[in-house]
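S.K.: Residues per chain are reported as follows:
Protein chains: 2
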Amino acid sequence: MEAKLHELKTRLLEIDDLSRAGAVLNWDQSTYMPPGGAEARARQMSTLGRLAHEKFTDPAIGKLLDDLRAYGESLPYESDDASLIRVTRREYERSTQIPSTLVAELSNHASTTYQAWTEARPDNDFNRLRPMLEKTLDLSRQYAECFPGYEHIADPLIDFSDFGMKASSVRQVFADLRQALVPLVQAITSQEVVDDSCLKQFYPEDQQKAFGEMVIKRYGYDFNRGRQDKTHHPFETKLSLGDVRITTRFQDHDLGDGLFSTLHESGHAMYEQGVSPALEGTPLANGTSAGVHESQSRLWENVVGRSRGFWEHFYPQLQMTFPEQLGKVSLDTFYRAINKVQRSLIRVDADEVTYNLHVMIRFDLELQMLEGSLSIRDLPEAWQARYESDLGMAAPDDRNGVLQDVHWYGGIIGGVFQGYTLGNVMSGLFYSHALQAHPEIPAEIAQGEFSTLHAWMKNNIYQHGSKFTAPELLERVTGGPLRIEPYIQYLQGKYGEIYKL
Amino acid sequence: MEAKLHELKTRLLEIDDLSRAGAVLNWDQSTYMPPGGAEARARQMSTLGRLAHEKFTDPAIGKLLDDLRAYGESLPYESDDASLIRVTRREYERSTQIPSTLVAELSNHASTTYQAWTEARPDNDFNRLRPMLEKTLDLSRQYAECFPGYEHIADPLIDFSDFGMKASSVRQVFADLRQALVPLVQAITSQEVVDDSCLKQFYPEDQQKAFGEMVIKRYGYDFNRGRQDKTHHPFETKLSLGDVRITTRFQDHDLGDGLFSTLHESGHAMYEQGVSPALEGTPLANGTSAGVHESQSRLWENVVGRSRGFWEHFYPQLQMTFPEQLGKVSLDTFYRAINKVQRSLIRVDADEVTYNLHVMIRFDLELQMLEGSLSIRDLPEAWQARYESDLGMAAPDDRNGVLQDVHWYGGIIGGVFQGYTLGNVMSGLFYSHALQAHPEIPAEIAQGEFSTLHAWMKNNIYQHGSKFTAPELLERVTGGPLRIEPYIQYLQGKYGEIYKL
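Line by line, the protein sequences are chains A and B.
Using the numbering used here, read the first sequence as starting at 933 and increasing by one per residue.
Using the numbering used here, read the second sequence as starting at 933 and increasing by one per residue.
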């Protein structure tokens, strides 16, 4: 068994090398690659993706997993080796259902579409992307069709990002959540709009960057094993457990955009940086689901980074960094500004309360596109109609509408957006359990001290990588399945106080 | 035949994708990778190199080449397809003689050694690198031993970079050159030392960078298909024909270091950018030899970039960029400063006249190490002794001695350095032929206009990639074999005038 396990790990390591090399090429494409590199880069990434997929779906891997099954089951469930055999088998079974040619075509298509999107979005030109997006939808359907027997065609795609969830279960969580959110949004938006003009002054980029990096160092993001660069759309990427990078963007006249993007991506990155080094080079060395991943980005961005205590500590430093802009702005005014709730058009700029409504729109549209009840041609109009009905406003153009998010233009359609809201829900749930274990955490945050919270997350979540599925992790950490109540209570408590509801 | 040719090209394209992906990882390692990424990166690059090597040495490629041989020979010698079949066969025969495991070990070892060098060099700690360098020498010998029947053990390594050359032929060129150079160096260095203090003032990095980039744009380096970043040791790298990057370094108190590095690397890059797009993804899409490559970097750095005419045009702009530093410095003083000839310690900082003496030292030491007559342990001492005897000076430490060049610490020992001097010789030879065809070139340079020279190089050299070997290219372009006379005449003419010899 030792020899077989060793062979499995050797093969997985080679596959990981190819995948991580692809991640380097993708990072470079998004950060520094000159335009002339686009065509070859798409092909190079596609080749790496295809080879990784071919090697992972090699029947020899299936044979090794068969041979190792009994051995794996004889080990403690949470041991590294048992988890490796179990999780690799699950991914192997899923991957062998997808033809290598489809994987390569998707990767190639995603890369060229992404490049086109970076140009079409500023030009507000959805039509230029339409044929590409039609192909994306077609490829996404083909992808889902590799897993027959689904209840809804989106289920296999949802399952890929959030194992154990499907369209119907997500719909249920979203319906419950909507029931609590809509009255909260109404109560808040019936009040006078908060003045956040203090955030819209001129903030030089270099100082924004320095302040954000200072904060995430304090959080525990390790710059010896990472770095931050600028991209159109912020993201986190793992090039190895020793090199987990984040990207952000800055706006001269919007302090919140760059800063909270940085905090958000640092949450993703601390998750990956916190995975046990023993899992490097295996399918276990990743966050376990989109939802759990997002729980960390939203925790560090919002639950921590937009809390009153956090700013009691950091606001004086921010004022010193930007004395002209903020010297005369009170903490209270600033705190209300960064937590301003308002119906708006852009998901990534949305506040904590309305954010999930944005996600629900995308989730529903994805389902409709995959079902075939909504064509790409009609997508911009459908987008506008949902914004009208759910948020009471329509975008002046597609740039601020259907073109705003990279996801459909750099990947597949389906199974992507639900993770954001599942993550929000989990951020509240995990935080409530961290507080039960360590009631001193809020006082520490107000001292700019995050090690207790970081350590709790690392011990309970990060170190395990994807040893446990999200439902298993929730069971281990919270003693039960996903519950929305702590998140709702968090929102009601925080915003009830701010808006005196 | 069409089908077989198509299959060959498809296979070569996949191999090229893997190799170029490796180049992206290497570029990233040298520019932006955080220290924590080093270990996994070495492994990732090694995996890519091994896979590319395995795929290139697949017997199926040999079979295709056999099947295509007669077809290739029936086509015009310089046609794309005939050249592809011919050159691929030559590289295939060479590569099949090297075991994949050795390729992987070398790549892995080179990557970790490089990382160690970036730390050991500032620490002046040769001993830390000694065991690694001993392994490098051992691996380099193993590499050479894959090609039995050599006259000198360095020959196979020289042949890899400069096909058609060997230790004895390089020694002959070097001996002839030395005979002309030594009296020139003596005549110059017996005079008063030129004052180059104007270059040693404080020059802010941003303005150095902007000026250098302005010049290479004028040269014809295409920033849509490239970019410049900072590294310890400047280099040029081709990530695809649409993405040919250069790196440089800047010193606050040495204007020449960054500027002439930029011009140098732009020459390498314009060569690669000028390769015919029809050759993309094949072994033909590269410069044909280290020597020819270096002829271009040295041409644009020295023959053009340190010429009087060049600075008649650009010096007023440089003065405007640095008015405090250069406003009162005459063109004549500046021109003498950038062409100051002086016995010195650092190869990359050496002037045109003494530069080749630095190369000869390294070349001879490489031969001795490979022969086994010089151990790594004795290398620093041997280095110092040769600098004493050839240049009349010894370095105060290893940092400015044996640790100065990356080559031995990031690759193999042997076959690397001769290309620099062969390139110098060729730069003079090619330039003399460009002038014969277009006597107006010097006048154009004095107008800051480089298109005639660039076009001549592109038509005669760049576009062909590696269709022709260096000896073939010399024959086509100059009507004969390598001759040192035009280069010697260039040096004697230029420096005879500056030093009134």
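Treat the hints with caution; some may be incorrect.
Calculated cross-link-like contacts (lysine-lysine; reagent style DSSO-like; alpha-carbon spacing at most 30 angstroms) [stated by the list, open to error]: (1) K1390/B to K1141/B; (2) K936/B to K987/A; (3) K1272/A to K1141/A; (4) K941/A to K987/B; (5) K941/A to K995/B; (6) K1426/B to K1260/B; (7) K1141/A to K1390/A; (8) K1149/B to K1098/B; (9) K1141/A to K1426/B; (10) K941/B to K1067/A; (11) K1390/B to K1426/B; (12) K987/A to K1426/B; (13) K1162/A to K1162/B; (14) K1162/B to K1141/A; (15) K941/A to K1132/A; (16) K987/A to K995/B; (17) K936/B to K1149/A; (18) K995/A to K1162/B; (19) K1162/B to K987/B; (20) K1067/B to K1162/A; (21) K987/B to K1162/A; (22) K987/B to K987/A; (23) K936/A to K987/B.
To be clear, the hints were calculated from the coordinates, so they are not data collected in a lab.
What you are looking at is a predicted structure, and each value in this text was computed from that prediction instead of being measured.
S.K.: Hints first: check each against the structure and report whether it holds.
M.R.: Hint check results:
no., hint, in the structure
1, K1390/B to K1141/B, "holds (26 angstroms)"
2, K936/B to K987/A, "holds (25 angstroms)"
3, K1272/A to K1141/A, "holds (23 angstroms)"
4, K941/A to K987/B, "holds (22 angstroms)"
5, K941/A to K995/B, "violated (33 angstroms)"
6, K1426/B to K1260/B, "holds (25 angstroms)"
7, K1141/A to K1390/A, "holds (26 angstroms)"
8, K1149/B to K1098/B, "violated (37 angstroms)"
9, K1141/A to K1426/B, "violated (50 angstroms)"
10, K941/B to K1067/A, "holds (27 angstroms)"
11, K1390/B to K1426/B, "holds (26 angstroms)"
12, K987/A to K1426/B, "violated (60 angstroms)"
13, K1162/A to K1162/B, "holds (17 angstroms)"
14, K1162/B to K1141/A, "holds (20 angstroms)"
15, K941/A to K1132/A, "violated (52 angstroms)"
16, K987/A to K995/B, "holds (24 angstroms)"
17, K936/B to K1149/A, "violated (56 angstroms)"
18, K995/A to K1162/B, "violated (48 angstroms)"
19, K1162/B to K987/B, "violated (33 angstroms)"
20, K1067/B to K1162/A, "violated (40 angstroms)"
21, K987/B to K1162/A, "violated (36 angstroms)"
22, K987/B to K987/A, "holds (14 angstroms)"
23, K936/A to K987/B, "holds (25 angstroms)"
Violated hints for the displayed structure, listed by number in ascending order: 5, 8, 9, 12, 15, 17, 18, 19, 20 and 21.
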